[in-house]
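Trainee: Chain by chain, the residues run as shown.
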Amino acid sequence: MDWLNAIIQGTLLGGLYALFAAGLSLIFGVMRLVNIAHGDLIVLAAYLALSVVTATGIGPLWALVIVVPAMAVIGYVLQRGILNRVMGEDILPPLLVTFGLAVIIQNALLLGYSADPQKLDAGWLETASVKIGPFALGLLPLLTFAVAVVVVWGLQWMFYHTALGRAFRATSDKQDIAQLMGLNRAHVFGLAMAIALAVTAIAGVLLGIRTSFDPSIGGSRLIFGFEAVIIGGLGNLWGTLAGGVILGVAQAVGAKIDPGLQILAGHIVFLAILAIRPRGFFPRIDG
Amino acid sequence: MPEFLNILNLDAHYGDFQALYGITLHVDPGEVIAIIGANGAGKSTLMRSVSGLMKDGAEAIRFQGQKIGALRADQVAARGIALVPEGRQLFPSLSVEENLILGGQLGRKGPWSLKRIYDLFPILEERRHQPSTSLSGGQQQMVAIGRALMANPDLVMMDEISLGLAPVIIKQIYEALPGIVGQGMAAIIVEQDISKALSVSRRVYCLQEGRVSLEGASNSVSREEISRAYFGV
Numbered sequence: 001m002d003w004l005n006a007i008i009q010g011t012l013l014g015g016l017y018a019l020f021a022a023g024l025s026l027i028f029g030v031m032r033l034v035n036i037a038h039g040d041l042i043v044l045a046a047y048l049a050l051s052v053v054t055a056t057g058i059g060p061l062w063a064l065v066i067v068v069p070a071m072a073v074i075g076y077v078l079q080r081g082i083l084n085r086v087m088g089e090d091i092l093p094p095l096l097v098t099f100g101l102a103v104i105i106q107n108a109l110l111l112g113y114s115a116d117p118q119k120l121d122a123g124w125l126e127t128a129s130v131k132i133g134p135f136a137l138g139l140l141p142l143l144t145f146a147v148a149v150v151v152v153w154g155l156q157w158m159f160y161h162t163a164l165g166r167a168f169r170a171t172s173d174k175q176d177i178a179q180l181m182g183l184n185r186a187h188v189f190g191l192a193m194a195i196a197l198a199v200t201a202i203a204g205v206l207l208g209i210r211t212s213f214d215p216s217i218g219g220s221r222l223i224f225g226f227e228a229v230i231i232g233g234l235g236n237l238w239g240t241l242a243g244g245v246i247l248g249v250a251q252a253v254g255a256k257i258d259p260g261l262q263i264l265a266g267h268i269v270f271l272a273i274l275a276i277r278p279r280g281f282f283p284r285i286d287g
Numbered sequence: 001m002p003e004f005l006n007i008l009n010l011d012a013h014y015g016d017f018q019a020l021y022g023i024t025l026h027v028d029p030g031e032v033i034a035i036i037g038a039n040g041a042g043k044s045t046l047m048r049s050v051s052g053l054m055k056d057g058a059e060a061i062r063f064q065g066q067k068i069g070a071l072r073a074d075q076v077a078a079r080g081i082a083l084v085p086e087g088r089q090l091f092p093s094l095s096v097e098e099n100l101i102l103g104g105q106l107g108r109k110g111p112w113s114l115k116r117i118y119d120l121f122p123i124l125e126e127r128r129h130q131p132s133t134s135l136s137g138g139q140q141q142m143v144a145i146g147r148a149l150m151a152n153p154d155l156v157m158m159d160e161i162s163l164g165l166a167p168v169i170i171k172q173i174y175e176a177l178p179g180i181v182g183q184g185m186a187a188i189i190v191e192q193d194i195s196k197a198l199s200v201s202r203r204v205y206c207l208q209e210g211r212v213s214l215e216g217a218s219n220s221v222s223r224e225e226i227s228r229a230y231f232g233v
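Here the protein sequences come in this chain order: A and B. Letter by letter, the first sequence follows residues 1 to 287 in my numbering. Letter by letter, the second sequence follows residues 1 to 233 in my numbering.
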């Protein structure tokens with residue numbers, strides 16, 4: 001029964017990892033950009049929420065009303081102001097720029113907020129739980145998982161049923177030809193980054209409510225996000241959710257065996273999957 | 001005659017390699033011209049330059065009285081120039097219908113709509129929900145043409161639309177052409193198939209190694225002139 005409980009808790013944790021990963025997956029899918037700063041942008045969103053909460057006294061979930069659009073604007077400006085200038089045939093320059101960006105964000109956060117661990121206080125939500133049969137499920141993990149499902153569903157719907165999604169897919173297929181159809185690549189990329197960072201904002205706030213954070217933790221969030229994307233298969237958002245769940249379950253089961261094994265178990269499962277199925281479980285068929 | 005498309009002394013380069021040398025040509029409103037020439041003569045480079053995919057001719061290309069040489073491809077498209085690119089270049093992630101809709105997403109007014117495209121190429125309506133790359137070569141070419149028409153352009157450029165297609169399909173597509181360009185839309189037909197190119201155009205330009213080697217009315221140029229302009233012998 002304990003084991004089943006670990007699997008359920010791990011599944012719910014996987015929702016958070018899927019939220020880390022969804023933005024990465026979207027950006028890579030649309031513009032083949034590997035964003036090394038993604039983890040630090042998640043942490044930045046958490047700190048933005050902290051500032052909003054401190055300044056206004058509203059709850060961290062309500063802070064999303066401000067943080068989500070703020071991160072979207074940051075994403076659009078970042079893409080058009082910096083990243084578009086280095087995008088091209090070679091994927092290395094944008095990779096290096098996002099690496100530099102990661103360093104800058106970490107140090108700016110250190111300067112602005114110090115290295116002290118912080119936390120977003122969501123009050124009763126953090127400790128509330130619901131009893132389902134023999135299992136006690138935390139309300140926050142349940143909410144996180146539900147949000148992840150809704151976000152992935154929403155992104156998937158946007159991709160396949162809206163004009164914007166069509167523009168994303170066309171630009172992802174053939175940038176030049178999409179431009180001939182009147183799509184301005186720079187703008188389309190900007191919108192993709194805006195949406196990715198809007199998702200990042202949600203991930204950052206839920207992370208900040210769940211655990212304490214400091215400016216240095218972005219890197220490991222990036223790794224979890226990457227692992228979820230790769231396990232699920234590049235370019236498939238439902239696969240990314242599945243990848244997050246697999247990673248979460250691996251960590252929870254690992255922790256059950258030995259608390260010190262938690263993170264390592266996740267990485268081992270990731271490496272095993274990479275060895276057996278290098279393209280992940282659900283790669284995009286036409287990719 | 002009002003100004004429509006005027007190209008004056010256009011040079012184009014790929015890095016150190018010069019692909020076009022002082023190209024000068026014009027298209028009048030509603031006129032169909034053909035551009036012929038061997039592989040590597042610079043036909044596709046010329047199409048890329050006009051459509052804005054290459055940025056060489058900032059001063060050299062004027063469309064409807066305005067310089068368009070320095071504009072991005074999406075800005076050129078918004079002014080009413082559409083390209084049917086060589087090799088069709090459909091979007092594999094999009095269905096047939098989505099490819100067509102994307103072609104019309106600039107929302108320019110004009111006679112062409114999904115319905116008109118399906119009237120022109122009924123097979124596309126049957127296949128409209130299929131992935132575009134699951135179609136045969138000829139059907140894909142129909143999608144590529146339809147996608148360009150959906151933009152309701154003032155000038156449509158068709159780059160080697162017969163390339164790699166069976167003769168019966170080529171015939172079918174060329175039979176549809178008068179119905180496309182007969183409505184006031186100007187067209188540039190780029191072809192290696194000389195007789196096809198001459199049959200649908202009013203004037204013809206021949207390119208050879210990046211230069212215009214022949215210019216004339218399609219019904220009056222002789223075979224000898226063309227073969228001299230084509231091969232340079």
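Rather than coming from a laboratory, the hints here were simulated on the basis of the structure. C-beta: ideal position from N, C-alpha, C; glycine also. Check each hint, because a few of them may be wrong.
[Claimed, not checked] Simulated DEER-style distance windows between Cβ atoms:
#: 1; chain 1: B; residue 1: Tyr21; chain 2: A; residue 2: Glu89; range: 58 to 66 Å
#: 2; chain 1: B; residue 1: Asp28; chain 2: A; residue 2: Tyr160; range: 37 to 45 Å
#: 3; chain 1: B; residue 1: Tyr14; chain 2: A; residue 2: Ile58; range: 53 to 61 Å
#: 4; chain 1: A; residue 1: Glu89; chain 2: B; residue 2: Asn6; range: 28 to 36 Å
#: 5; chain 1: B; residue 1: Asp11; chain 2: A; residue 2: Ser216; range: 34 to 42 Å
#: 6; chain 1: B; residue 1: Thr24; chain 2: A; residue 2: Gly88; range: 30 to 38 Å
#: 7; chain 1: B; residue 1: Gly137; chain 2: A; residue 2: Thr211; range: 39 to 47 Å
#: 8; chain 1: A; residue 1: Thr211; chain 2: B; residue 2: Gln75; range: 46 to 54 Å
[Claimed, not checked] Beyond 10 Å from chain A on every Cβ pair, some chain B residues (computed):
#: 9; residue: Pro2
#: 10; residue: Ser51
#: 11; residue: Asp74
#: 12; residue: Gln89
#: 13; residue: Glu98
#: 14; residue: Leu106
#: 15; residue: Leu214
#: 16; residue: Ser218
Trainee: All hints are to be evaluated individually against the structure, with a verdict given for each.
Mentor: Do the hints match the structure? See the list:
1. Range check, B/Tyr21 to A/Glu89: about 27 Å between beta-carbon atoms, so the 58 to 66 Å window is missed.
2. In this structure the supplied range 37 to 45 Å holds for B/Asp28 paired with A/Tyr160, their Cβ-Cβ distance being about 43 Å.
3. Take B/Tyr14 and A/Ile58: their Cβ atoms lie about 57 Å apart, and the range 53 to 61 Å holds.
4. For the hinted restraint 28 to 36 Å between A/Glu89 and B/Asn6, the CB-CB distance of approximately 33 Å keeps it satisfied.
5. The beta-carbon spacing between B/Asp11 and A/Ser216, approximately 54 Å, falls outside the hinted interval of 34 to 42 Å.
6. A C-beta distance of roughly 32 Å is found between B/Thr24 and A/Gly88, which places it inside the suggested range of 30 to 38 Å.
7. At about 56 Å, the CB distance of B/Gly137 to A/Thr211 disagrees with the hint of 39 to 47 Å.
8. Our hint of 46 to 54 Å for A/Thr211 and B/Gln75 holds, since their Cβ atoms are close to 48 Å apart.
9. Separation of B/Pro2 from chain A is adequate, the least Cβ-Cβ distance of about 25 Å exceeding the 10 Å criterion.
10. Remark: the non-interface label on B/Ser51 conflicts with the geometry, its nearest Cβ contact in chain A lying 6 Å away (cut-off 10 Å).
11. A cut-off of 10 Å between C-beta atoms contradicts the statement that B/Asp74 is not in contact with chain A; the least separation is 5 Å.
12. At the 10 Å boundary, the C-beta of B/Gln89 falls inside the reach of chain A, the nearest C-beta of that chain being 5 Å off.
13. For B/Glu98, the shortest C-beta to C-beta distance to chain A comes to about 6 Å, within the 10 Å cut-off, and the non-interface label is violated.
14. Consistency note on B/Leu106: stated as away from chain A, yet its beta-carbon is not over 10 Å from all of that chain's, at 4 Å minimum.
15. Every beta carbon of chain A lies more than 10 Å from that of B/Leu214, the smallest distance being close to 28 Å; the non-interface claim holds.
16. Every Cβ of chain A is farther than 10 Å from the Cβ of B/Ser218; the closest lies at roughly 27 Å, confirming the non-interface assignment.
Checked against the numbered hints given earlier, this structure breaks hints 1, 5, 7, 10, 11, 12, 13 and 14; the rest are met.
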